[in-house]
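> Residue-level listing of the chains:
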Amino acid sequence: MSIEAKSIHRETFVINLGPQHPATHGVLRIKLTMDGEYIDDAEPIIGYGHRMHEKMGENRTYAKFLPNTARMDYVAALFNSFGYVGAVERLAGITVPERAEYIRVITAELNRVASHLLWAGAFLIDLGGFTPLLYTFDDREQILDLLESVTGARLTFCYYRFGGVCNDIDDEFVAGTRQFITRLRSRMPMYHALITKNIIFRKRCEGIGPITADVCRRYGGTGPVLRGAGVAYDVRKAEPYSAYPQFDFNVPVYPESDCMARYLVRMDEIVESLRIIEQALDKLPAGPVMAEKVPRFLKPPKGECYFNVESARGSFGVRAISDGTDKAYRMKLRSPCFSNLSLFQECSRGMLLADALALLGSLDLVIPDIDR
Amino acid sequence: MTLAELSTQLQALQGSTVTATDHSKQGVNLDVTITSNMIPEVARLMGEAKFALEAITGVDWLAEQQIEIVYDFTCYATGVRVAARTRVSRETPEVASISAVHPGANWHERESHDFFGITFTGHPGLIPLLLPEDADFHPLRKDYGT
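Protein chains in written order, with the working numbering: chain A, 1 to 372; chain B, 1 to 146.
Hint data in this document are derived by calculation from the structure and do not stem from the laboratory. A portion of the hints provided could be inaccurate.
Unchecked claim - Here are some, though not all, of the chain A residues that point toward chain B, as calculated from beta-carbon distances under 10 Å: (1) Leu32; (2) Met34; (3) Glu37; (4) Ala87; (5) Gly220; (6) Gly303; (7) Phe307; (8) Asn308; (9) Ser315; (10) Arg334; (11) Arg372.
Unchecked claim - Chain B is nowhere near these chain A residues, computed Cβ spacing over 10 Å in every case: (12) Arg10; (13) Val174; (14) Leu343.
To be verified - As a list, the in silico DSSO-like pairs of lysine-lysine whose alpha-carbon atoms are at most 27 Å apart: (15) B:Lys50 with A:Lys327; (16) A:Lys55 with A:Lys327; (17) A:Lys327 with A:Lys299; (18) A:Lys31 with B:Lys142; (19) B:Lys50 with B:Lys25; (20) A:Lys327 with A:Lys64; (21) B:Lys50 with A:Lys55; (22) A:Lys293 with A:Lys64; (23) B:Lys50 with A:Lys64; (24) A:Lys299 with A:Lys55; (25) A:Lys64 with A:Lys302; (26) A:Lys302 with A:Lys283; (27) B:Lys142 with A:Lys299; (28) A:Lys55 with B:Lys25; (29) A:Lys237 with A:Lys64; (30) B:Lys142 with A:Lys293; (31) B:Lys25 with A:Lys299; (32) A:Lys237 with A:Lys203; (33) A:Lys64 with B:Lys142; (34) A:Lys237 with B:Lys142; (35) A:Lys302 with B:Lys25; (36) A:Lys55 with A:Lys283; (37) B:Lys50 with A:Lys237; (38) A:Lys293 with A:Lys237; (39) B:Lys50 with A:Lys302.
No experiment lies behind these values; they were computed from the predicted model shown. Where a beta carbon is used, it is the ideal one built from N, C-alpha and C, also for glycine.
Let the sequences and hints guide you as you build the complete structure.
Structural data, given as structure tokens:
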């Protein structure tokens with residue numbers, strides 16, 4: 001029933017969801033205008049975690065800004081680094097050795113799997129199911145151990161460098177990763193039995209929270225949100241970068257446009273990421289992991305470029321402008337969550353509050369990535 | 001619409017310069033420089049061509065006393081990327097809002113207003129987005145804090 005049809009004597013009231021609320025996963029505030037249990041208007045109010053990373057990109061040298069990139073989307077930190085080093089390499093004309101590109105793909109895809117696993121657990125908590133979190137975090141823990149062994153960090157990785165990666169992977173990492181691929185593949189049927197086939201989960205997700213392809217286009221929505229609306233757009237295919245063109249993988253697409261579609265896209269992406277990692281390990285070339293002659297104090301020539309990557313949440317882009325000095329003149333950081341959240345106000349209108357929380361969870365937001 | 005057709009249509013707009021760029025070097029396929037009064041026309045054209053607005057970037061060119069605004073558009077069907085750029089005076093930076101055509105621009109414009117003090121005329125609510133609600137400073141201006 002539409003809001004208009006329900007009653008002539010409608011009375012609305014305003015409540016705040018957040019900025020401290022478990023369902024917002026960070027300091028996000030949503031100003032809700034409610035008509036009973038139905039949402040009249042839901043206005044996201046952001047900026048509580050704003051740190052002005054773009055300014056920090058301008059007032060320190062290129063290398064000094066590297067650790068910042070891991071502190072925007074800290075759930076999938078490697079993608080931000082990937083976008084940033086990609087942009088600077090494009091500006092400075094640095095060619096990355098093939099082995100380093102392969103290692104970047106392997107670690108980034110591991111990070112994507114870890115991010116999707118964390119999302120699945122947290123999303124189920126939003127919907128009232130506690131158990132799956134314990135399983136997804138168990139698997140995610142294996143990835144963090146692997147990434148820690150090569151990057152030295154478990155969350156805020158600072159692993160990529162201009163021209164390569166700072167540390168080569170060893171046989172132990174390769175063996176451990178292969179073992180993990182086997183393990184997670186064998187656990188996927190369990191996840192589908194535990195989550196996908198669960199009747200309560202299905203009732204909370206199927207047909208709930210439609211986000212159409214047109215809405216995504218008008219708001220710039222990307223990533224699993226867009227692919228869950230039936231659009232096969234993936235930066236790895238649309239604007240191939242790094243070593244991705246050398247691997248065979250599918251872009252999972254579900255046209256249903258509901259919460260279930262977005263969930264299924266992410267679950268399928270886990271499987272596709274494992275395929276990419278396996279191929280990369282099989283074909284891993286020998287050679288150096290850093291380009292030669294990358295100056296310690298990088299001064300890219302005057303110029304401007306855009307570089308974007310497919311992060312776990314969508315298209316993360318960097319527009320970098322160099323004025324020829326050792327500091328960037330402008331470092332624009334385009335966050336996928338920013339655009340994905342901006343469509344919430346339109347899409348949640350007229351929904352039940354409980355369903356809108358499912359919609360909000362299905363967007364997979366990382367608030368510090370929105371605020372930057 | 002093919003890239004060539006789009007390029008022709010953009011070229012036909014008054015005061016525009018369209019450059020086909022090398023994607024592997026610049027990261028975009030077309031770079032359009034245009035006068036600020038034609039930005040709504042560009043937005044309408046890109047909307048009709050089914051492009052999504054990905055980002056709005058402000059740049060403060062202190063030496064020239066100008067502020068540049070770069071609109072990044074991308075097409076999900078073809079993967080084509082177009083950057084449209086315009087310059088306005090630094091004293092009174094003003095350009096028409098495109099949020100009626102691209103609702104996603106609403107937040108991008110509020111962000112650029114926060115950081116550079118650009119006024120987007122016709123915007124439904126140009127209030128601080130990321131900065132505190134009483135912020136009267138523009139931190140990405142090059143003379144901020146000096």
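> Indicate, hint by hint, whether the structure satisfies it.
Hints and how they fare:
1. Given the 10 Å rule on beta carbons, the hint for Leu32 of chain A is violated: about 17 Å separates it from the nearest Cβ of chain B.
2. Against a cut-off of 10 Å between C-beta atoms, the interface hint on Met34 of chain A is violated, since the closest Cβ of chain B lies about 21 Å away.
3. The restraint placing Glu37 of chain A at the interface with chain B is violated, with a minimum CB-CB distance near 26 Å, outside the 10 Å limit.
4. Annotation: Ala87 of chain A was flagged as interfacial toward chain B, and the flag holds, the nearest CB pair being 8 Å apart, inside 10 Å.
5. Contact between Gly220 of chain A and chain B, as hinted, is supported at the beta carbon level, the nearest pair being about 4 Å apart and thus within 10 Å.
6. At about 8 Å, the closest approach between the beta carbon of Gly303 of chain A and any beta carbon in chain B falls short of 10 Å, and the interface hint on this residue holds.
7. At a threshold of 10 Å, the smallest CB-CB gap from Phe307 of chain A to chain B is about 5 Å, leaving the interface hint in force.
8. Satisfaction of the interface hint for Asn308 of chain A is found here, the shortest Cβ-Cβ separation to chain B being roughly 7 Å, below the 10 Å cut-off.
9. Taking 10 Å as the C-beta cut-off, the interface hint given for Ser315 of chain A holds, the closest approach to chain B being about 7 Å.
10. Because the smallest distance between the Cβ of Arg334 of chain A and any Cβ of chain B comes to about 4 Å, under 10 Å, the interface hint for this residue holds.
11. Contact between Arg372 of chain A and chain B, as hinted, is supported at the beta carbon level, the nearest pair being about 8 Å apart and thus within 10 Å.
12. Distance check on Arg10 of chain A: its Cβ is at least 23 Å (rounded) from any Cβ of chain B, clearing the 10 Å threshold; non-interface status holds.
13. For Val174 of chain A, the condition that its CB be more than 10 Å from all CB atoms of chain B holds, with the nearest at approximately 31 Å.
14. Listed as a non-interface residue, Leu343 of chain A fails to keep its Cβ farther than 10 Å from every Cβ of chain B; the least gap is roughly 7 Å.
15. The hinted pair formed by Lys50 of chain B and Lys327 of chain A fails the criterion: a straight-line CA distance of about 36 Å is larger than 27 Å.
16. A C-alpha spacing of about 11 Å is found between Lys55 of chain A and Lys327 of chain A, which places the hinted pair at or below 27 Å, so the restraint holds.
17. Distance check on the hinted pair: Lys327 of chain A and Lys299 of chain A sit about 8 Å apart at the alpha-carbon level, within 27 Å; holds.
18. Between the alpha carbons of Lys31 of chain A and Lys142 of chain B the distance comes to roughly 34 Å, so the proposed pair goes past 27 Å and is violated.
19. With a C-alpha separation of about 25 Å, the suggested pair Lys50 of chain B and Lys25 of chain B falls inside the 27 Å cut-off, and the hint holds.
20. In summary, the hint linking Lys327 of chain A to Lys64 of chain A is supported, as the alpha carbons are separated by about 9 Å, within the 27 Å threshold.
21. For a cut-off of 27 Å, the pair hint linking Lys50 of chain B to Lys55 of chain A is broken: about 32 Å separates their Cα positions.
22. A threshold of 27 Å between alpha carbons decides the hint, and for Lys293 of chain A with Lys64 of chain A the separation of about 19 Å falls inside it, so the pair holds.
23. A hinted pair counts as satisfied when its Cα atoms are at most 27 Å apart, and Lys50 of chain B with Lys64 of chain A does not qualify at roughly 39 Å.
24. Note on Lys299 of chain A and Lys55 of chain A: the hinted pairing holds, with a Cα-Cα distance of about 18 Å set against a maximum of 27 Å.
25. With a CA separation close to 19 Å, the supplied pair Lys64 of chain A and Lys302 of chain A stays within the 27 Å bound.
26. Among the hinted pairs, Lys302 of chain A with Lys283 of chain A is inconsistent with the structure: their alpha-carbon atoms are about 37 Å apart, more than 27 Å.
27. Distance check on the hinted pair: Lys142 of chain B and Lys299 of chain A sit about 20 Å apart at the alpha-carbon level, within 27 Å; holds.
28. For the proposed pair Lys55 of chain A and Lys25 of chain B, the alpha carbon gap of about 24 Å is at most 27 Å, so the pair holds.
29. Of the supplied pair hints, the one linking Lys237 of chain A and Lys64 of chain A is violated, its CA atoms being roughly 31 Å apart against a limit of 27 Å.
30. For the hint linking Lys142 of chain B to Lys293 of chain A, the alpha-carbon distance of about 32 Å lies beyond 27 Å, and the restraint is violated.
31. For the hint pairing Lys25 of chain B with Lys299 of chain A, the CA-to-CA distance comes to about 17 Å; that is within 27 Å, so the pair holds.
32. Restraint check for Lys237 of chain A and Lys203 of chain A: the C-alpha separation of about 33 Å exceeds 27 Å, so the hint is violated.
33. In summary, the hint linking Lys64 of chain A to Lys142 of chain B is supported, as the alpha carbons are separated by about 20 Å, within the 27 Å threshold.
34. About 37 Å separates the Cα atoms of Lys237 of chain A and Lys142 of chain B, which puts this hinted pair outside 27 Å; it is violated.
35. Simply put, Lys302 of chain A and Lys25 of chain B have alpha-carbon atoms about 13 Å apart, close enough for the 27 Å limit, and the pair holds.
36. With a C-alpha separation of about 40 Å, the suggested pairing of Lys55 of chain A with Lys283 of chain A is violated against the 27 Å cut-off.
37. Only pairs whose Cα atoms come within 27 Å are accepted, and Lys50 of chain B paired with Lys237 of chain A is accepted, the gap being roughly 19 Å.
38. For the proposed pair Lys293 of chain A and Lys237 of chain A, the alpha carbon gap of about 31 Å is over 27 Å, so the pair is violated.
39. Taken as a hint, the Lys50 of chain B and Lys302 of chain A pair is broken in the structure, with Cα atoms around 33 Å apart against an allowance of 27 Å.
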